[in-house]
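Protein chains in written order, with our numbering: chain E, 1 to 162; chain S, 1 to 102.
Certain hints may be false.
Listed next, the in silico EDC-like pairs over lysine to aspartate or glutamate satisfying Cα-Cα at most 20 Å (straight line) [said to hold, decoys possible]: (1) K25/E with D93/S; (2) K109/E with E74/S; (3) K87/E with D93/S; (4) K89/E with D93/S; (5) K87/E with E95/S; (6) K89/E with D26/E; (7) K160/E with E74/S; (8) K87/E with D26/E; (9) K25/E with E95/S; (10) K89/E with E5/S.
Just so you know, these hints were derived from the structure itself, not from any lab.
Below, each chain spelled out in residue letters.
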Amino acid sequence: MVFSIGFYLLAIVVIGAALAVVVMKDVFRAALAMVLCLVAVAGIYITLNADFLAGAQILVYVGAISILLILGIMLTREVQQGSPANKYKIPAFITAVAFFGIMCFAFLKTPWQESAAAVAEPTTATLAARLFAADGFILPVEITGVLILAAVIGAIVMAKEK
Amino acid sequence: MVGLEHFLILSAALFAIGMYGVFVKRNAIAILLCIELMLNAVNIALAGFSRYITPDALTGQIFAIFIMIVAAAEAAIGLAIIIAIFRHRGSIDPEKINLLKW
Numbered sequence: 001m002v003f004s005i006g007f008y009l010l011a012i013v014v015i016g017a018a019l020a021v022v023v024m025k026d027v028f029r030a031a032l033a034m035v036l037c038l039v040a041v042a043g044i045y046i047t048l049n050a051d052f053l054a055g056a057q058i059l060v061y062v063g064a065i066s067i068l069l070i071l072g073i074m075l076t077r078e079v080q081q082g083s084p085a086n087k088y089k090i091p092a093f094i095t096a097v098a099f100f101g102i103m104c105f106a107f108l109k110t111p112w113q114e115s116a117a118a119v120a121e122p123t124t125a126t127l128a129a130r131l132f133a134a135d136g137f138i139l140p141v142e143i144t145g146v147l148i149l150a151a152v153i154g155a156i157v158m159a160k161e162k
Numbered sequence: 001m002v003g004l005e006h007f008l009i010l011s012a013a014l015f016a017i018g019m020y021g022v023f024v025k026r027n028a029i030a031i032l033l034c035i036e037l038m039l040n041a042v043n044i045a046l047a048g049f050s051r052y053i054t055p056d057a058l059t060g061q062i063f064a065i066f067i068m069i070v071a072a073a074e075a076a077i078g079l080a081i082i083i084a085i086f087r088h089r090g091s092i093d094p095e096k097i098n099l100l101k102w
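Excised from the complex, chain E in its bound form:
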């Protein structure tokens, strides 16, 4: 019961904040609404027993990515212009609603094979074992290091004054 109430409250916050991101004219306020949405998504992870994911969400998204985006807004803000919608408002709305409808149909019609196994809790030890074991995801982890290095160097090169 508490679980359901928590889920619905968090879901309302997530959807409301996401709508605010899309609707607000001021980009800075949209970014703040996005921060609220990301915090609520971290709460959704907690309702899914994903404690490490919730912590990483707060650290990476709320702590780093949103600050980076707000810094970008401050560097490039066109104060009067805001972020008006372009002329594709109605087609975009129809596409988004159609996409949502199709996804709901697919999700509700698929017979999911839900497992009754016990939930791994806390998840950190299991995740570490899966990520760093030789038969796990160690190669993607290594490739991720290269990806981040490339991204950092690329960002510095592109944003540098010529």
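Chain S: place on chain E using the hints.
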């Protein structure tokens, strides 16, 4: 009772909102914000699958962690590109960025 479908529908709704924003916004940073929303929607779906379909293996959560890393790299690169464009052209309206259009 809240089940897998609830999380999946929440994820689809968040993704659809982000998709609408990506189509409609005329500010490149607002588009980047909406892309982050879409990535979060995918992460919710993956965490939901991980919780309800493979609760002991946590594969979905591992995918979600990789998506987070890629999102961080994408935000850094996207912002660098947007700042470079702003410096050259004085505007980050995607409709005015038309060097590669014909």
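Hint-by-hint comparison with the structure:
A C-alpha spacing of about 14 Å is found between K25/E and D93/S, which places the hinted pair at or below 20 Å, so the restraint holds. Restraint check: the Cα-Cα separation between K109/E and E74/S comes to about 34 Å, which exceeds 20 Å; the hinted pair is violated. For the suggested pair K87/E and D93/S, the alpha carbons sit about 13 Å apart, so the restraint of at most 20 Å is met. Between K89/E and D93/S the CA atoms are separated by roughly 16 Å; this keeps the pair inside 20 Å, and the hint holds.
Taking the CA atoms of K87/E and E95/S, the gap is about 11 Å. The hint holds against a cut of 20 Å. Between K89/E and D26/E the CA atoms are separated by roughly 18 Å; this keeps the pair inside 20 Å, and the hint holds. A distance of roughly 18 Å separates the Cα atoms of K160/E and E74/S; the hinted pair therefore holds under the 20 Å criterion. For the hint linking K87/E to D26/E, the alpha-carbon distance of about 18 Å falls within 20 Å, and the restraint holds.
A distance of roughly 17 Å separates the Cα atoms of K25/E and E95/S; the hinted pair therefore holds under the 20 Å criterion. For a cut-off of 20 Å, the pair hint linking K89/E to E5/S is broken: about 29 Å separates their Cα positions.
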